[in-house]
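2 protein chains.
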Amino acid sequence: MGKFSFEVLKEDKNSRARTGIIKTLHGQIETPAFVPVGTQATVKSIDNRELKEIGVQLFFVNTYHLYLRPGLEMIKNFGSLHEFIGWKGPLITDSGGFQVFSLGRRNTKRRLGIIHEETEPALVKITEDGVSFRSHLDGSKHFFSPEFSIEAQSILGADLIIAFDECTYYPATKEYAKSAMERTHRWALRSLEAYKKVGRDYQALYGVIQGGVYRELREQSAKYIVSLDFPGIAIGGVSVGESKKEMQEVLDWTVPYLPDKKPRHLLGVGEIDDIFALVERGIDSFDCVMPTRLGRMGHLLCRPYKDTKNEVKYSYDVTKPAFKASKEPLEKDCGCAVCRNYSRGYLNHLFKSNELLAYKLATYHNLSFMEKLVRKIRESINQGSFHKLKSEWVL
Amino acid sequence: MGKFSFEVLKEDKNSRARTGIIKTLHGQIETPAFVPVGTQATVKSIDNRELKEIGVQLFFVNTYHLYLRPGLEMIKNFGSLHEFIGWKGPLITDSGGFQVFSLGRRNTKRRLGIIHEETEPALVKITEDGVSFRSHLDGSKHFFSPEFSIEAQSILGADLIIAFDECTYYPATKEYAKSAMERTHRWALRSLEAYKKVGRDYQALYGVIQGGVYRELREQSAKYIVSLDFPGIAIGGVSVGESKKEMQEVLDWTVPYLPDKKPRHLLGVGEIDDIFALVERGIDSFDCVMPTRLGRMGHLLCRPYKDTKNEVKYSYDVTKPAFKASKEPLEKDCGCAVCRNYSRGYLNHLFKSNELLAYKLATYHNLSFMEKLVRKIRESINQGSFHKLKSEWVL
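Protein chains in written order, with my numbering: chain A, 1 to 395; chain B, 1 to 395.
Please note: incorrect hints may appear among the correct ones.
In silico DSS-like pairs for lysine-lysine, Cα to Cα no more than 25 Å straight-line [stated by the list, open to error]:
1. B:K10 - B:K327
2. A:K324 - B:K352
3. B:K306 - B:K262
4. A:K332 - B:K10
5. A:K313 - A:K327
6. A:K13 - A:K320
7. B:K327 - A:K141
8. A:K324 - B:K23
9. A:K76 - B:K352
10. B:K23 - A:K76
11. A:K44 - B:K141
12. A:K88 - B:K352
13. A:K44 - B:K327
14. A:K44 - B:K174
15. B:K313 - B:K376
16. B:K332 - A:K88
17. A:K324 - B:K88
18. A:K245 - A:K13
19. A:K23 - A:K313
20. A:K320 - B:K76
21. B:K320 - B:K23
22. A:K52 - B:K3
23. A:K332 - B:K88
24. B:K52 - A:K44
25. B:K313 - B:K352
26. B:K141 - A:K327
27. A:K223 - A:K178
28. A:K88 - B:K324
29. B:K306 - A:K327
Just so you know, these hints were derived from the structure itself, not from any lab.
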């Protein structure tokens, strides 16, 4: 043991859905797995013990944020992110690329649109070597290359790490998507080389497939990334403005090219209806800020219902006056520690009073809800009833 | 059982310190007891399970705040504060008087100074009947009388409740302190009458001793309040600007007049060095926002040490750069769940990153530290070693 491995346990007969186990030095991950986001080395408002109790198997930490604060030297001083956070389970870090491109450009008026050197020279500058950018904290100048990203991720010491790529923003022209993909491929090679040199022996590097919303490019990217010896495969660029339909198309185009024996991570996707779509298209893990971010806004996850416009919803806004006097638990069938002990009315009061406890209780419930859902999904795949479960959740 | 009772267990030979047990419908309180403040029906950032684990025996909820939000009707709808919060242990509410006087005057430039009708007619108006004031939330007009305060506290349903008094602000002239004390006495009678009519059978009403920093007034007030049949005695007006020495004098003047068999609560005091002073002067319980408020500012409680100016300190500021790389627990000898799992360096990072978890972990530690200290104090009184313990803590 100690090293990374992945094993498929069961495959669904009617779709690409599958269950599996990722083994890491810090523990096992049952797949399909939901990966909450702990941007600054904390899943906002939730402590380690609660994460474990909720059933969180691993969480996502952002290299860009940790690099800026507290800085890599500080993590090195602690040994690794695990020691720094006090979290004994598996962790995943990203390459920093996505944040460099998005947060580095916070001062631009339009976040959507194509990035190129001419329009935003001061904030983000991409060259073949890497990306120079300014800190969103203090405006200081920094530079990330594929080699540096891997070195940083080696210092952070997460179990799963990700190759440095160029994210294509939506909508991107085919021309730009192609050139970003090609750069991503060159950077993938450089990331892999660096990983072989400086990666810790227990770390697994995921190569990233890009290519925008263009079938030809996605297929080309899938084939290329698969041809390299990455332990895992990630699919990027589907969380930045594309529609749910386009996300599904990207998976339909790429997953058929992926080998069965490598785990597949979808970056930045995981709304409730997305989950069924991505699982049935063969994704093993996915990270998403949705449950935690919605929770902090007072939006609590629940079983699907149709709103007054006949749209299917998976959450309700507990801060609305309708819930002020409600003695009901946050969600009837949930049974999480928050639902067992607190009412919608009390949550309404905490949010209305701007009380810190509101964010914790809401986040705890939303994460519990997600973990329970993916657990059900795994069970349904193992029992051959995934399609039935999906029909109960995707109305 | 079911009803309120108080029993002294052990008295210290060299001081007025004593241990005891307050029994309430919702559980026992070992005294001396520290009472954390949960202003808006939540001890900020800490959930019920954590409170229990920390060893919190009861907490203080502010009637004024609950009256304004979510409103008494809402609590009535839930049954009581216990059901609303989901807290099964004892609770204490105040009369609302203190907040009416202080928060109602938030728009005045000077909070210190004497209140009288001429200078602040628009915000707080005191008449013999009661106090009219404006909400700090929306400026709406409200009126609290002794009768209304008790009715409100009956609806809230806390185990320990407090008579409606007129708080004297510091510094108050003897003349003003006297007239406020006399009004407090008339209001004490009216509170007691109302309590006999509308109080729940398990609730214990504490009468409040006032009288500013004037020995004659404090003695007079103690004698008068003791002459009425309140189940408990509270001492008020020592948290609003008086020095630690004056607080001690007030206790020296008043406690000798108090009957042994009634529990004594000191309102709004509880810094670490105060605790030894108030316990040895015969106080059984005391509430204070210090541990929770300091925690949210990043000030973590610790054993006493002398700072560079040779002043004795009981906390340190974990947000200072000196702690950035520290792998030490928050406090070496603490052993609380936070100290067992997190380092000063991680707390420093969470505070610097404005992460919600910072407030929770710091508050959890500070409350644990306080509960551990009062537990030690109780043990030392029971074992006849209170003086020795004090010498270790009050340098």
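For each hint, the structure was consulted:
1. B:K10 - B:K327: Not satisfied, since the Cα-Cα distance of roughly 42 Å exceeds 25 Å.
2. A:K324 - B:K352: Violated, at about 35 Å.
3. B:K306 - B:K262: It is violated: about 38 Å lies between the C-alpha atoms, which goes past 25 Å.
4. A:K332 - B:K10: 49 Å, violated
5. A:K313 - A:K327: Cα-Cα ~22 Å, so holds.
6. A:K13 - A:K320: 43 Å, violated
7. B:K327 - A:K141: 29 Å, violated
8. A:K324 - B:K23: Violated: A:K324 and B:K23 sit about 33 Å apart, past 25 Å.
9. A:K76 - B:K352: Distance ~19 Å between A:K76 and B:K352 Cα, so the pair holds.
10. B:K23 - A:K76: Violated: B:K23 and A:K76 sit about 53 Å apart, past 25 Å.
11. A:K44 - B:K141: 38 Å, violated
12. A:K88 - B:K352: Status holds; Cα separation ~23 Å.
13. A:K44 - B:K327: With Cα atoms ~21 Å apart, A:K44 and B:K327 stay inside 25 Å; holds.
14. A:K44 - B:K174: Status violated; Cα separation ~52 Å.
15. B:K313 - B:K376: 19 Å, holds
16. B:K332 - A:K88: Holds: B:K332 and A:K88 sit about 22 Å apart, inside 25 Å.
17. A:K324 - B:K88: 21 Å, holds
18. A:K245 - A:K13: 23 Å, holds
19. A:K23 - A:K313: Violated. A:K23 to A:K313 sits at ~35 Å, over the 25 Å cutoff.
20. A:K320 - B:K76: 20 Å, holds
21. B:K320 - B:K23: It is violated: about 43 Å lies between the C-alpha atoms, which goes past 25 Å.
22. A:K52 - B:K3: Cα-Cα ~40 Å, so violated.
23. A:K332 - B:K88: 22 Å, holds
24. B:K52 - A:K44: Between B:K52 and A:K44 the Cα gap is close to 23 Å, so the pair holds against 25 Å.
25. B:K313 - B:K352: Roughly 23 Å separates the two Cα atoms, so the pair holds.
26. B:K141 - A:K327: 29 Å, violated
27. A:K223 - A:K178: 14 Å, holds
28. A:K88 - B:K324: 21 Å, holds
29. B:K306 - A:K327: 51 Å, violated
The structure is inconsistent with the numbered hints 1, 2, 3, 4, 6, 7, 8, 10, 11, 14, 19, 21, 22, 26, 29, although it conforms to all the rest.
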